[in-house]
Amino acid sequence: MNTIVPAIGFGIVTASILAVAGVGFTLQFGVTNILNLAYGDIMTAAAFVAYLVTSAGLSVWLALVAGAAFGSVFSVLLNRCIYTPFVRRGTRLFGMIIVTIAVSLMVQNGLLAIFGASFFSLKMPHPSSVHIAGMVFTTVQLAIIAIAVVAMLLIHLLLRYTKLGKAMRATAADPDLARNCGIATDRVIDLAWAISGALCGLAGVILVMNVTAFTETTGSQFLIPIVAVAVLGGIGQPYGAMLGALVIGITSEVAAAIFNPEYKDVVAFVILVIVLLARPQGILSEVAARKEVAA
Amino acid sequence: MRLAVTALAAALAVLSVAACSSSGGGSSSGGGSSPGGSASGGINPSASTLVVGEFNPFTGPDAAFGPEMVGGCIPAIRVINADGGVLGHPMSCVQEDTRGDPADAVPAAQKMMATETSLVGVLGPSSDEALATVPLLNTGQVPMFVDTGQAAFDHTTDAYFWRITPADDVKGYAMALWAHAAGYTRAAAVFGNDTGAQSDVPTLVSAFTGLGGTIVYNKPLALDQSSYRSEVESILAAHPQVIFTEVDPQTGATFLSELQQLNGLLPVIGTEVSLQAPWLKAVNSAIGAGSMAKYFEGMQPYAPPSGPAWQTYNQALLASGSQVAKPASQWSSDPYSMTYYDAVNVMALAMLAAHSTSPAVFDKDVMAVTEPGSGKTVVTSFAAGKAALAAGKQIQYVGAGGPIVFTKSHNSTGAFEAAKYVNGNLVLVGAVSAAQIAAISK
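Protein sequence lines correspond, in order, to chains H and B. So for the first sequence, this note's numbering puts the first residue at 9; every next one is plus one. So for the second sequence, this note's numbering puts the first residue at 132; every next one is plus one.
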């Protein structure tokens, strides 16, 4: 019991990173129908941008902005220059997955060629510890939680209360119908890549703020829990991803405290399987059933 | 769209070239002038170049292994080629990236054996890929000077398997002895869940408990997670005085920084993995130089940077500055780089002793040029060995890493040293002798 309360606190930190990454990932898939397995590598690339910013002596807050901006621009260009041409040629979901894997390898090797095979750290002030209700956080982790809360709030406001959000939800639900209703779906898709890319970049930076040392494969190693969060929440469902992040983040940390930490991911995935057996479309999905997931 | 496809193809081509140049398939003759500046007379211009494969991870979590190997291979072929090569043949080192993954290493081994027609031996494989590739290399009659520490090879009968560096189980004994000497009686074993790290654990646990200590926490750590805070809490709840560890740099940085945040650091005793530059860089950045110097010690095979063999090695290494990972001086006191250097020299001398560059012929002479014996001439360089063999003498090569004494299972082990990382330099703080290890391992 002594270790469970702190573990819940640690789980909230993990969930915060997963939520930012998972919402971006699922939003991207929901609107564009592309399962972008290069997502983790774009996170890494954004982390390297943040590394360059902090290495230049600038603040880590500026590095967060730079990482998000890079993720946004890179994702839009990636879609425009690589993914969209394949989609227009009729490449289906499985083929697109292979294309995204190719992009993943290209980004990883590009980073390796540029930065070399080494480990890097953001230059940040040394964090201090804060005790809250039996849980221990560092100031960096509290910042990560705050960033995640603000990002999720902004996504909520965007999806619920703006025309763009409604257009994105409509495009995600039925792109043909949305187009026939006069929604400029191409523009909506571009903006979806920009917003999800910004979340991707932001997630990459907060991930490496938390792990303290990273290399060209750090983001891709984090991809499996991100996909799990998206699937658990109902793929294409941002709110489901937020909930999925909390479930996966907290259960994996509590499992590590109670059982063998080697199996922390296994416990989280057992829960994922159990939930999906009861609710195959995910916790909150309204969209997944209409997607050609098995295409 | 055509533009996009063309751009994709161009990017793929560029990245393929970048990947090849950075991670695999690259070769180097290590030529140029010799350390002493002598000409490379004696090499037959029409003779094929004998290839030594650097069969190790150059990318992936264990990407640090490869450059360490290059730091030994390149200086060796530099001194060999400067002295006329082997039976008229020049030598070269060729990188073969295993990515630290058997799934990549097996095809890499097959490709290497199929395409390198003048392959005379390999350095490696490491623990990441040894179980999958040692049988392949042995069947292919490729002498291999492995850096795997897996105990599975302690009693191997593979004729082409040679291990100059100590096995992992020996490393466990050394860590236990060092902690016992420091007065620790309660320890946590925090090792990655990879095969290489886990092979250290059984002997560490048996030796430490045999010395009267208690292992209060022993659970494998899943590598490269975003957080280890729950694991840290569990470890702290067990109240260890010291932590034994072998994890990759990213995991080490995350784990130790979180330990520092939650409790303040405890003394940490790592393996040679934690004395490699990427680990030191990552963890030093994460916990700070002061904490690193105060709490951390690493154990590695004892290879003092002194003596005539080491001087030859170091001179050749520093002369090879453009061909090894910079700065070249970082490999000067690296025991693994030294033993790779020795391995290439041993292969070259075995070829001379056998009068053959065929691995099937010279493999048995590896033992002949290294084992001690009455009447043998002790040599500390390729040039001296070549001269002695040409004069009809039997030789014992004593390398930069010290004497090499193979068992009938082709294993050779020695002492261990403990080092601290102070102001960016490794500082020797003590040693565990081969006799101490032999006593506890009985």
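Hint data in this document are derived by calculation from the structure and do not stem from the laboratory. Predicted, not measured: the structure shown is a model, and the values here were computed from it. Careful: at least some of the hints might be erroneous.
Counterexamples of contact, computed for chain B against chain H with all Cβ distances above 10 Å [claimed, not checked]:
no., residue
1, Q381
2, V414
3, L520
Here are the simulated lysine-lysine pairs, DSSO-like style, with alpha carbons at most 30 Å apart [unchecked claim]:
no., chain 1, residue 1, chain 2, residue 2
4, B, K350, B, K457
5, B, K425, H, K131
6, B, K425, B, K242
7, B, K457, H, K131
8, B, K551, B, K412
9, B, K539, B, K507
10, B, K495, B, K242
11, B, K539, B, K551
12, B, K495, B, K507
13, B, K457, B, K551
14, H, K131, B, K539
15, B, K412, H, K131
Don't be surprised by glycine CBs; every beta carbon is placed ideally from N, CA and C.
Results for each hint:
1. Against the 10 Å criterion, Q381(B) falls within the reach of chain H, whose nearest CB is about 5 Å from its own CB.
2. V414(B), annotated as away from the interface, has a beta carbon of chain H within 10 Å; the closest lies near 7 Å.
3. No Cβ of chain H approaches the Cβ of L520(B) within 10 Å, the least distance being about 39 Å, so the stated non-interface status holds.
4. Note on K350(B) and K457(B): the hinted pairing is violated, with a Cα-Cα distance of about 37 Å set against a maximum of 30 Å.
5. Under the criterion of a C-alpha separation no larger than 30 Å, the hint pairing K425(B) with K131(H) is consistent with the structure, at around 22 Å.
6. Our distance criterion of 30 Å between C-alpha atoms is broken by K425(B) and K242(B), whose separation comes to about 46 Å.
7. Between K457(B) and K131(H) the alpha-carbon distance is near 23 Å, which keeps this suggested pair within the 30 Å criterion.
8. Distance hint between K551(B) and K412(B) is fulfilled; the C-alpha atoms sit about 13 Å from each other, no more than 30 Å.
9. Pair hint K539(B) plus K507(B) holds up; C-alpha atoms about 20 Å apart against a cutoff of 30 Å.
10. The hinted pair formed by K495(B) and K242(B) meets the criterion: a straight-line CA distance of about 25 Å does not exceed 30 Å.
11. For the given pair, K539(B) sits about 35 Å from K551(B) by alpha-carbon distance, which is inconsistent with the 30 Å threshold.
12. Pair hint K495(B) plus K507(B) holds up; C-alpha atoms about 17 Å apart against a cutoff of 30 Å.
13. In summary, the hint linking K457(B) to K551(B) is supported, as the alpha carbons are separated by about 22 Å, within the 30 Å threshold.
14. Between the alpha carbons of K131(H) and K539(B) the distance comes to roughly 52 Å, so the proposed pair goes past 30 Å and is violated.
15. This hinted pair checks out: K412(B) and K131(H) have alpha carbons roughly 13 Å apart, not beyond 30 Å.
The earlier numbered hints that this structure contradicts are 1, 2, 4, 6, 11, 14.
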